[in-house]
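Listed here are the chains, written in short residue letters.
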Amino acid sequence: MNFDLSEEQQLVSDSIERFVLNNYGLESRVAMVQQSPGFSLDHWKTMSELGWLGLPFSEDDGGFGGDQLDTMVLMEQFGKGLVLEPFLASIVLGGGVLKRVASESQRKAWLEVVIDGSKQLALAYAEPESGYEPHNVAVAGNKTNDGYTLTGTKCMVLHGKTADAFVVSFRTSGGVVDQSGISLALIPADRDGLTVQGFPTVDGLQSSELTFNQVSITADDLLGEIDNGFGALNEVINDGILAVAAEALGAMEILYKDTVAYTQAREQFDHPLSDFQVLQHRMVEMFMEYEQCKSLLFRATMEVAAGGDDAQRCVHALKHLIGKAAFFVGENAVQTHGGMGVTEELRVGHYFKRLLVIEAQFGNTDYHLDQFST
Amino acid sequence: MDIELSNDDLSFEAEVREFLAGNAYKDGEDPNKWRMDWFEKAREKGGWDVPKWPAKFGGPGWTPNQHYIWQKETARSSTPWDMPFGLSMLGPVLMAHGSEEQQDRFLPDIRARKVNWCQGYSEPGAGSDLASLKTKAVLSEDGSHYVVNGTKIWTTMAHIADWIFCLTRTSDAGIKQEGITFLLFPMKQEGIEVKPIITLGGSHSVNTVFFTDIKVPVANRVGAEGKGWTYAKGLLEHERTGIAGISNSIVALEGLKDKASSVKRGNGSLMDVSSFKAKVAALEIDLMAVEYTELRSLATASAGTAPGPESSILKLKGTDIQQRIQKLTMEAGGQFSAAWGGTNAGPDFARAGMGGYMGSRVYTIYGGASEVQKDIVTKKVLGIKSSKK
Ligand SMILES: Cc1cc2nc3c(=O)[nH]c(=O)nc-3n(C[C@H](O)[C@H](O)[C@H](O)COP(=O)(O)OP(=O)(O)OC[C@H]3O[C@@H](n4cnc5c(N)ncnc54)[C@H](O)[C@@H]3O)c2cc1C
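If you read the sequences in order, they're chains A and B. Note that this note's numbering has the first sequence beginning at 1, numbered continuously upward. Note that this note's numbering has the second sequence beginning at 1, numbered continuously upward.
Hints may be right or wrong, so weigh each one.
[Said to hold, decoys possible] Residues from chain A shown here face chain B by an in silico Cβ test under 8 Å; the list is partial:
| # | residue |
| --- | --- |
| 1 | Leu-11 |
| 2 | Ser-15 |
| 3 | Phe-19 |
| 4 | Asn-23 |
| 5 | Pro-128 |
| 6 | Cys-155 |
| 7 | Val-202 |
| 8 | Ser-207 |
| 9 | Glu-209 |
| 10 | Gly-338 |
| 11 | Gly-349 |
[Unchecked claim] Derived pair list, reagent style DSS-like, types lysine-lysine, alpha-carbon separation capped at 25 Å:
| # | chain 1 | residue 1 | chain 2 | residue 2 |
| --- | --- | --- | --- | --- |
| 12 | B | Lys-33 | B | Lys-52 |
| 13 | B | Lys-385 | B | Lys-317 |
| 14 | A | Lys-143 | A | Lys-161 |
| 15 | A | Lys-324 | B | Lys-317 |
| 16 | A | Lys-324 | B | Lys-279 |
| 17 | B | Lys-277 | A | Lys-324 |
| 18 | B | Lys-327 | A | Lys-324 |
| 19 | B | Lys-327 | B | Lys-374 |
| 20 | A | Lys-324 | B | Lys-257 |
| 21 | B | Lys-215 | B | Lys-227 |
| 22 | B | Lys-176 | B | Lys-379 |
| 23 | B | Lys-279 | B | Lys-327 |
| 24 | A | Lys-324 | B | Lys-195 |
| 25 | A | Lys-119 | A | Lys-143 |
| 26 | B | Lys-45 | B | Lys-134 |
| 27 | B | Lys-277 | B | Lys-317 |
| 28 | B | Lys-52 | B | Lys-136 |
| 29 | B | Lys-264 | B | Lys-134 |
Derived from the structure by calculation, the hints contain no laboratory data. Quantities reported herein were computed from a predicted structural model and do not represent experimental measurements. Glycine is no exception: its CB is placed at the ideal position from the N, C-alpha and C atoms.
Turn these sequences into a full structure, and let the hints steer you where they fit.
This is how it looks when you write it as structure tokens:
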């Protein structure tokens, strides 16, 4: 049994950690958030130059042949700085669908430019009434002579405003909640009838809403087989869950460590706060939540990477535990910092906000508990 | 034991409802004029503009049942915004410890909502350990005024306040609770700098306030020099009962149920999802209990005792409930709660749901953090004394 990173993974991890340390101080992050497009194009370029954007793609596709474990290593470090660049949206989600089901010509047209960062992808699957179910798809493809037209709305599309193309789920047969009958297409952002409305989320990231008004798609736009898109979509969402779980772990590490440091520096009643037992025990519990998340993250990521039978259950378990821990660690980090915890001046609040968004992404804590138990 | 409302209570309830309905805000009205008129009409009712003030100072002199009815009814009606600092915090201190001259000078303007006050207690080094405050007030040689220097932090509304009631240190001798003096002075004067602090919801309500050589006439000292701590402590107990916000939570819980019922899940709504429903029910049960904890405490208060340590229990439970309501509201909004403006996506109530939840984290920090409230209950209610000397 071996839980150590490979030499290569350790090198990548160290270099990302350095990058985050050098570029993602709170002030720099706030400045990036406030400027369009909400992240740094320079950092994005650096990430591609250092090869990070190619990490989870096969060598044939121009990548480095990494798997979910490599993405985990990267996302955990990203979580320590609350990195803003669209790695999750373009590489893990959009790219994740392409690498699974895209045709030869689609790969040629898109993967190289996605890996070099010059083009971005985004994944559009959620809808106003889909709740947290990825198979709940109401946007229907109406058959035309040479393809389909789409009408409807996709919501909470991460980094949609800067995306050059969208991976979109739509229904070609079956009822609204059937897993079969879901198809996928790659639709360029400038396609007629498609409107993208961008907006910020509380964590400083950029999301968007997509409105489709009689958008035509042809056979060339389809990704994979008609009616059979759910398998790939679900795998990619699982990858997304593993990625944000790793990011959350990094964020929680910052939160519990900052809290330990703060209580040792801040004095009240002629003692450092860290002398008070109720706070000591609370911090022990924060630490334990963090460790439990780390264990389950390893377990789920390895199981998914190995294609194990237990993969889906592990992913549900992980997303549940991460959400529960996010609330516990975040609320207590803020509470233990007192008034300072609720200001924009300290980073704890910023990390907590990111955890809140992660908790509600790809299905929240209760949703995955329910999925796990059925 | 009897909490039945008497016939008198019932007719009072009807009167309150009629007053609130008759004076509700109407679309298109000038909000400021409406606010001032509302208080004026409440005053004409016999002190309804200052429900908690004793009759001697113009209050209505209600029974506990009447207070309960008023709280319950106002929570579900449109009433004008109000600030607690003058009305519920400084007012009672002046009534108990201020000179007659100070009462005449300050209470009428507080009552008329003409002067806005802020509370200058906390300092960068004195939060939970408030008694360690350092803002210095030095009596001038001729004994006519104090000169104040120091820094306050977290001062809510300092940027719009006209006056501040401020705890200052006049002596370092003895234990730190001694040597604290309660002073009143205007905020709009040279030597006072107010710097905003932005909190996680992105809003500005709290500030850091710097005092440089502020002259405060001795006539603006409340009570005796060095006795400010005792006055302030009583005031904190008033503040805590207010913060519990139980009537508001009852209304907010109903709102939460409505919101969740409007969110589609499967063939039903989120209120049909058993895990969510169970959380709402557990919250409701806690709220049912704490409502009666408050009534019990009101009954004690009506027996003539000031709100005591039980106000800590109300604050602890009341704020926990408020936070859980915000959290479930955020949860009901789902991923749409993450949106920060600029979209119509998701249910209307969801937008900035996370902002509301983040905003609610302060409830367990201000007015004395929860951990400190528990220390108070430990000592004052359970009677546990630290054995260390
Ligand atoms: C939004 C907001 C508005 C406010 N408005 C005002 C105002 O108008 N006027 C004013 O004077 N003040 C105001 N305050 C200040 C507020 O009263 C203080 O923030 C509060 O008393 C806590 O102090 P602190 O922030 O310094 O935290 P600290 O005292 O540093 O406490 C940090 C953490 O340590 C815990 N802790 C401290 N001591 C102990 C102990 N002995 N045992 C266990 N745990 C302990 C605390 O409970 C807290 O969780 C406001 C604060 C906020 C956030």
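### Task
Sort out which numbered hints this structure fails and list those numbers smallest first.
1, 2, 3, 4, 14, 24, 25, 26, 28, 29
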